[in-house]
Amino acid sequence: MHIMFGQIILGLIAFALAMLYEGIDRKIHARMQNRRGPSIFQPFFDFAKLIKKEIIIPRWSNKNLLLLSPIFAIAALLLIFTIVLTQESVNIIILVYFLLLSAAFTIIMGFSVISPFMSIGAIREILLVVSCEIPIILSLIAVAVKQSSLYIQPGVFILALPFSGLAFLLSILGKSSRTPFDIPEAETEIVAGYATELSGILLGFARIFSNLKIPVLISVFVTFFLGRPDSMLIYISEIFFLSFVVTIIRTITARLRIDQALKFFIFIAIPLAMIDVIRASMP
Amino acid sequence: MTVFPIGPQHPALLEPFSVKVDTEGERVKGVEIRLGYAHRGIEKLFENMNFYKTIPLAERICGICSGAHTICCSQIFENCLNLEISNRAKCIRTIVAELERIHSHLLFAGELMHIIGFKTLFMFFWKIREYVLDALETISGNRINYSMSTIGGVRRDIDEKISKITLNCLDKIENKVREYIRECEGDKLIKLRTEGIGLLSKSEARKYCCVGPVARASSLEIDVRKDIPYAFYGSIDFDIVVFDEGDVKARLLARLYEILESIEIIKQAIKNMPDGNIKTRFPWKLNEGEFMACVEAPRGELFYYLFSKGGLKPYRMRIRTPTYANIASLEVMLQDANIADVPVIISSIDPCISCLDR
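Protein chains in written order, with my numbering: chain A, 1 to 283; chain S, 284 to 641.
Chain S regions said to be covered by chain A (calculated; three or more residues, Cβ under 8 Å):
no., segment
1, 289 to 302
2, 396 to 402
3, 470 to 476
4, 616 to 625
Bear in mind the hints are in silico, worked out from the structure with no lab data behind them.
These figures come from a predicted structure and were not determined experimentally.
Glycine included, every Cβ here is placed at the ideal spot set by N, Cα and C.
Okay, chain A solo, but in the shape it has when bound (with noise of 0.2 Å):
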């Protein structure tokens, strides 16, 4: 009961730390391009106002699946983030199994609505996911291979494993779906992607749910390459800062298009968290 409780309040910090990740995410973007930008408490008030809007349901849809994948999609996250914050040891499985839970909530998102725009967005969610997934669970497995455990610890392994490091980091802007890789929700090709249709408290959690993965994703590679500090908050913080550094890519370039995304997937990130593998596995 007692570990419960600690959880339900982590998960709560989860999404106030989504929530003032994405003001102040937008407020240093605008202060990069010359713009004064939005209070860093505006996604709080924009939450806000969503909960008392209507959510309206598109007549061609599937009204079930609609409602619930962006409640379990953002379930999936917060459970990654509790385990692993609290768990002495984590099963590597049931991460990457939790991570690719929330990507297919996303995609189930986006077929749920017949709309040419979300299930484009889907597809291409697809692509995207299928290629930076697997950096990041090679990189995953090159931690657990140094262990010799699928039950992974929290150590620091950025310098024994620099390169899968690097390659979890740029999945990191793949699965957060962030400029150079924002290409399911690419605003002026296919308007919001799989959240298209989305209204009301539904798109609330859309979003809360696409600011999430940030933290949650860098959380992962603070605990498994930079080590887990004694104290909690500066655990915290250290994940905290640590997500703008996804701010300043997203400030500096220009979005890809799905087949350049998934070459640079391919060709780049995958052969990079495999050397980390062969010379993990290697006596």
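Chain S: place on chain A using the hints.
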């Protein structure tokens, strides 16, 4: 075969028009362009007005090329009335037209960057566009609809003080534009998204009667400013920017280099500004006959046709805008393109729908 609708309302389009794209997977197999969402019946309105009241109407055809429309409309009535305007008025018209070209091209460059997802360069382009709009405000008192050109000349003079402010603004943006050209030529991601996309060969550009930067990016050397010099262009030394590649990148760079040429033109015009009246009086009665006038608007050749039966009202006015000439070539450019490139290609011709639909 899936139909993928872009427009009439879409984040990639600034104005309403619709491109229905037939796709096989991610490849475009067929294109259907539909127009007319912004039709306001302006050509008909011309027929019900006294001719000296049509200038404000022509100005409101389009927000971006309002200067080009007023200059062309003034020129056609000057042709009709056999009116010779002073060189000083011609020179001021040239300055306004070129400032307008700079701000239109910067707007285009920013918009293209927005569409390929490069928000930062988009903001930078639009920031220096503000300086140009400030200069236009100093000259004319307005940012968008300048109301500068009128039948018989211009409405406001450019004195020593204003020309100094304009030159200051040009110095400010020139370095920035050179820096951004370097960025657009060198940046790997911009190259990946724009190079070799939306190809339009020279023969096809000729076949589809393309005009302006779209034609010049496909190595077709046409420019009204050089071919039929109007206003002050005859006595100014400048080059036409021509690119051979015919892709989106060439269209972007053609416009960016044209900004530098425009800056050069304005500097020369301010330096060699002749003395004289800015406005000539004209008789309030049209001559009979058919008349034509064309100017180089930011997007290409803008053509006015007037059929007059005398009196005060034009019997028929016909306006052929540059986007009307360019938009058909989208059919060739979009063929076999990737669906992610469709908005990029559409915006690369810089469509101005309020001009086109009138």
